[in-house]
Amino acid sequence: AQKITQTQPGMFVQEKEAVTLDCTYDTSDQSYGLFWYKQPSSGEMIFLIYQGSYDEQNATEGRYSLNFQKARKSANLVISASQLGDSAMYFCAMREAYSGNTPLVFGKGTRLSVIA
Amino acid sequence: DAMVIQNPRYQVTQFGKPVTLSCSQTLNHNVMYWYQQKSSQAPKLLFHYYDKDFNNEADTPDNFQSRRPNTSFCFLDIRSPGLGDAAMYLCATSTILETQYFGPGTRLLVL
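Protein chains in written order, with the working numbering: chain U, 452 to 567; chain Z, 14 to 124.
None of these hints come from the bench; they were simulated from the model. Source: prediction; values computed, not measured. Zero decoy hints are in this set.
With a Cα cut of at most 25 Å, we get these calculated DMTMM-like pairs of lysine to aspartate or glutamate:
#, chain 1, residue 1, chain 2, residue 2
1, Z, K57, U, E495
2, Z, K57, Z, D90
3, U, K559, Z, D72
4, Z, K57, U, D480
5, Z, K57, U, E547
6, U, K454, U, D480
7, U, K559, U, E512
8, U, K454, U, E507
9, Z, K57, Z, D75
10, Z, K57, U, D473
11, U, K559, Z, D98
12, Z, K57, Z, E111
13, U, K524, U, D480
14, Z, K30, Z, D98
15, Z, K30, Z, E70
16, Z, K51, Z, D90
17, U, K559, Z, E111
18, U, K524, Z, E111
19, U, K454, Z, E70
20, Z, K51, U, D473
21, Z, K57, U, D477
22, Z, K51, U, D537
23, Z, K65, U, E547
24, U, K454, U, D473
25, Z, K30, Z, D72
26, U, K559, Z, E70
27, Z, K65, Z, D90
28, U, K454, U, E495
29, Z, K57, Z, D72
30, Z, K51, U, E495
31, U, K559, U, D480
32, Z, K57, U, D537
33, U, K454, Z, E111
34, U, K521, Z, E111
35, U, K454, Z, D72
36, Z, K57, Z, E70
37, U, K521, U, E507
38, U, K559, U, D537
Okay, chain Z solo, but in the shape it has when bound (with noise of 0.2 Å):
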């Protein structure tokens, strides 16, 4: 019954490796968002789809970029990870006007 799938929910890279995160949905809905939280504060949103049409945060770094291959499936790519960029990551999804609905998150650890 699970509906936002994150895999994997841990994942050890190390300094500088390039590292990707899956988000899969079985809601059939059009927009598919990415957050990174760290330790003690609220999720930042990175970037989000409306369908196929990408829209990256203004402070989204350029390390992080996204795919969207199918309306089910969405991708964060981290090309250069630094010990600051390890966090929980989000996903979640919605339709439009209504409430996003999030994964179970993934904890990076960069060593």
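So that you can see chain U by itself, here it is in the shape it has in the complex (with noise of 0.2 Å):
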């Protein structure tokens, strides 16, 4: 079975520094998508970044970048020069890749502060 762990319940960043978000996995496929999610107070949750399982190199996409470590089967999240609208609650998912409509299991969420 799938799992998703993320340890930071809560994190604290000052305006422009840099952040990591932790999250490991535990699935025995060996073909799987990583995913990280933002989701601010509005509730919407907004798609940031994905990583394959096979993709040799680590997936960015803007301020976003994810740091992919597959045989400790780590995908933290790495957001540089953070800014207050940043602060959000962000989740780590994951999907096995090549089951078609597998859904998502997500972890618990790590809640960041941007701190002025």
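Both chains are given apart, each in its own frame, so use the hints to dock them into the complex.
Structure representation (structure tokens):
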């Protein structure tokens, strides 16, 4: 069974600094996808970044990058140059990549607070 | 430019009074999902449609039903809402193997 672990319930970061949100996963599948979503207080889940298990390079999307360490089964999200608008809940999620419509498995989330 | 639309954004209902939440999408995705998210928790999948094929999660209460009359629309029916059903309800869509895109959610309050 798939499992996602986010060990940081809450994080604080100074504006303009970088921050790393931890995510480890457990799966017996060789093919899978890893996702990060941001959920502001408004409630909408906003897709940030995706990493496939066979991708050799770490995914990057603007200020977001995913530090993928397959052997350690970790997929940490790095946010560079934090902004006040980055304050939100962040969820790591995983899905078996080659199983059609297999749903996402979410971690419990990390609440990030950016301080001015 | 909204891709996944949920109506209403806020819904207040009375204990035991049926309520329907709606979701529509302009992405032409063949998979649509309904999640329930309670305060400070991760989203919990209730069910999903792959085209017209309905897939219910094993622990989804019978009180929750869903309809998908066409590709664009999907409805969540709560037949007899209880106080414990107060939550954020999130709709998401995807194609096979692709990223799920979420709507803004509907906050349900049960009085």
